[in-house]
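> Those sequence lines, one after another, are chains A and B. Last residue of the first sequence: number 171 in the working numbering, and the count goes up by one each step with no gaps. Last residue of the second sequence: number 1334 in the working numbering, and the count goes up by one each step with no gaps.
Hints are supplied without guarantee of correctness; some may be wrong.
Distance condition first, Cα-Cα at most 30 Å in a straight line; then the derived BS3-like pairs of lysine-lysine [stated by the list, open to error]:
| no. | chain 1 | residue 1 | chain 2 | residue 2 |
| --- | --- | --- | --- | --- |
| 1 | B | Lys1235 | A | Lys142 |
| 2 | B | Lys1090 | A | Lys124 |
| 3 | B | Lys1235 | A | Lys124 |
| 4 | A | Lys147 | B | Lys1006 |
| 5 | A | Lys142 | B | Lys1006 |
| 6 | A | Lys60 | A | Lys82 |
| 7 | B | Lys1295 | B | Lys1235 |
Cβ-Cβ distance ranges computed for the label pairs, FRET-style [stated by the list, open to error]:
| no. | chain 1 | residue 1 | chain 2 | residue 2 | range |
| --- | --- | --- | --- | --- | --- |
| 8 | B | Thr1004 | A | Tyr89 | 25 to 33 Å |
| 9 | B | Glu1143 | A | Glu138 | 23 to 31 Å |
| 10 | A | Asp84 | B | Asp1137 | 36 to 44 Å |
| 11 | A | Asp85 | B | Val1292 | 19 to 27 Å |
| 12 | B | Gln1074 | A | Asp84 | 47 to 55 Å |
| 13 | B | Ile1053 | A | Tyr89 | 53 to 61 Å |
Here chain A is said to cover these stretches of chain B; the calculated rule only asks that three of the stretch's residues, wherever they fall, bring their Cβ under 8 Å from a Cβ of chain A [said to hold, decoys possible]:
| no. | stretch |
| --- | --- |
| 14 | 1167-1176 |
| 15 | 1187-1199 |
Read the hints as simulated data drawn from the structure, not as lab findings. Predicted model, so just to flag it, every value in this text is computed and none were measured. Just so it is clear, CB atoms sit at the ideal spot from N, CA and C, and this is done for glycine as well.
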Amino acid sequence: MTRAHTQVNMTGSNLDNPNPVVFELAQLPKRTYDPSNLAEEMESQRDDIDPLEVFDMIRKINDPEHPLTLEQLKVTQYENIKVDDENSYVNVRFTPTIPHCSMATLIGLCIRVKLLRSLPSRFKVDIQITPGTHSQEEAVNKQLNDKERVAAALENNNLLSLVNNCISNSD
Amino acid sequence: MSATLKNVAVSEGHTDRVWSLSWSPSGSLLASCGGDKTIRLWKLKDDNSLECIHTCIDTHERTIRHVCWSPSGQYLAAASFDSTASVWKKVNNNGEIALEMLARLEGHENEVKSVSWDASGSLLATCSRDKSVWIWDMDEDEEFNCVAVLHGHSQDVKAVKWHPSKEILFSSSYDDTIKAWEDDEDDWYCSHTLTGHTSTVWDVSFNSDGSKMVSCSDDNNLIIWDTKVIGDGPKQVCTLSGYHTRTIFSVDWSEEGYIASAGADDSIHIFREDGPGDSSEDKKVSFSQTSVERKAHGGDVNCVTWRPAKREDGTILLASCGDDNLIKLWALEI
């Protein structure tokens, strides 16, 4: 990872975490398709969502600093996704690789935008840092869940292109 | 006492989230704005539907967050994420009502989030993510001069609202507080800081005589404040908890005493102060929910506002707008 040390991030400073641990991908529960269920699902207008589907939407989002996915860095994990389909609610927790990661807000914004574009509009989404894993946990959580701040951020073309870069290969 | 909301109109037109609504003082026009960067003017028709009669485009480069009519109904102010506010004049061209831009207010460093006219219509307040509140004075030539730049909030200022009769400005913020600003011979200062909410305070509204104020927050609560004795500072008299399940973005207190609140749980709640006989303890202020509309919009409800005047048949109207790009009108059935 010597190359990483000489890379600069968007703010012009050195990488926050030049040498992150890359994890083996975890085994996920297998999805079983029941054809009768599928027919039922297609009949009902409602598109049911489970945690695995939500994880599929965000696992391949790219880390802003490294050519690695959030799944490879264990920033996003299947276990940290809660879905209450009946009440149209999704809660995602993500884990920054280091407690002072200045990219935490950007990563959270990427997850929010990706879910905004992928989930049916009936869903309410809360995005939070896994408790105890970031020094600015409360401040980052507050920003990520303030819709006015998020709306304004997404009108900033520089920020929007950073977000789009990170999520461009995530489908 | 029960009162329920009945949906009487749904208006399409905006192509993005609708952020804010403002009734003209007579209640004949409704202004709206949103993420599509337009301001729309709607005429209230006899059958309680809305007709879009004018659209302002290409004025603001980014979201228009808030609109507010002046007390005379002659001017409309708008706040935009492009860090400016604009003031529009209502014109009547051979019966065609339109808005013409009068001034652009520049000075804030980033997103302007709210605008409010004082009771006289000569002072306009603006607030921004830059943590400041500005007060502008409109002179006889309809020109605007900044008379105060107020610092005090430690975070974004979400909303500004003048007291309905006194020259006191209230601002609510991402720093979880509300501040009251008063002037001492043209020297504006923060006279009180109101704490009580545990997260962002999104909006405030006053009852008709200004003796009480209600605030709403990301903590899902509404707080009622006694504002009669400003000298000692507004006192928290009642908290309405357990009604909204997500952030409350907007609250409005009607002339008739009804409080409407709305937010990210897609719902609109209506509350009313209990009469002296309804309350278990004497002299204790209490409020009861009279109505709730759980799926008021297909997404967050961003603004609720009562029509300032009853219709001729006595109907009280409420307008709401949301992330579903729609504006809805509701009749309060008492």
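> I want to verify a distance hint. Is the separation of the beta carbons of Ile1053(B) and Tyr89(A) within 53 to 61 Å?
About 40 Å separates the Cβ atoms of Ile1053(B) and Tyr89(A), which means 53 to 61 Å is violated.
> 47 to 55 Å was suggested as the range; check whether the CB atoms of Gln1074(B) and Asp84(A) agree with it.
Holds, at about 49 Å.
> Range hint 25 to 33 Å: satisfied by the CB atoms of Thr1004(B) and Tyr89(A)?
27 Å, holds
> If you check the beta carbons of Asp84(A) and Asp1137(B), does the distance land in 36 to 44 Å?
With a Cβ separation near 51 Å, Asp84(A) and Asp1137(B) fall outside 36 to 44 Å, so the hint is violated.
> Between the stretch 1167-1176 of chain B and chain A, see if three or more residues pass the 8 Å beta-carbon test, and mark the coverage as holds or violated.
violated (count 1)
> Can you tell me whether the CB distance of Glu1143(B) to Glu138(A) sits inside 23 to 31 Å?
44 Å, violated
> Does the alpha-carbon distance linking Lys142(A) and Lys1006(B) stay inside the 30 Å limit?
35 Å, violated
> Do the Cβ positions of Asp85(A) and Val1292(B) conform to the proposed distance bound of 19 to 27 Å?
23 Å, holds
> Decide if the proposed pair is consistent with the structure: Lys147(A) and Lys1006(B), CA atoms, cutoff 30 Å inclusive.
Measuring from Cα to Cα gives roughly 28 Å; hence the hint holds.
> Holds or violated: are the alpha carbons of Lys1235(B) and Lys124(A) at most 30 Å from each other?
Given pair Lys1235(B), Lys124(A) is violated - Cα atoms ~34 Å apart, limit 30 Å.
> Take the C-alpha atoms of Lys1295(B) and Lys1235(B), compute the straight-line distance between them, and say whether it is at most 30 Å.
33 Å, violated
> Given the proposed pairing of Lys1235(B) with Lys142(A), does the C-alpha separation stay at or below 30 Å?
Satisfied, since the Cα-Cα distance of roughly 27 Å is no more than 30 Å.
Comparing the model with each earlier hint shows violations of hints 2, 3, 5, 7, 9, 10, 13, 14, 15; every other hint is respected.
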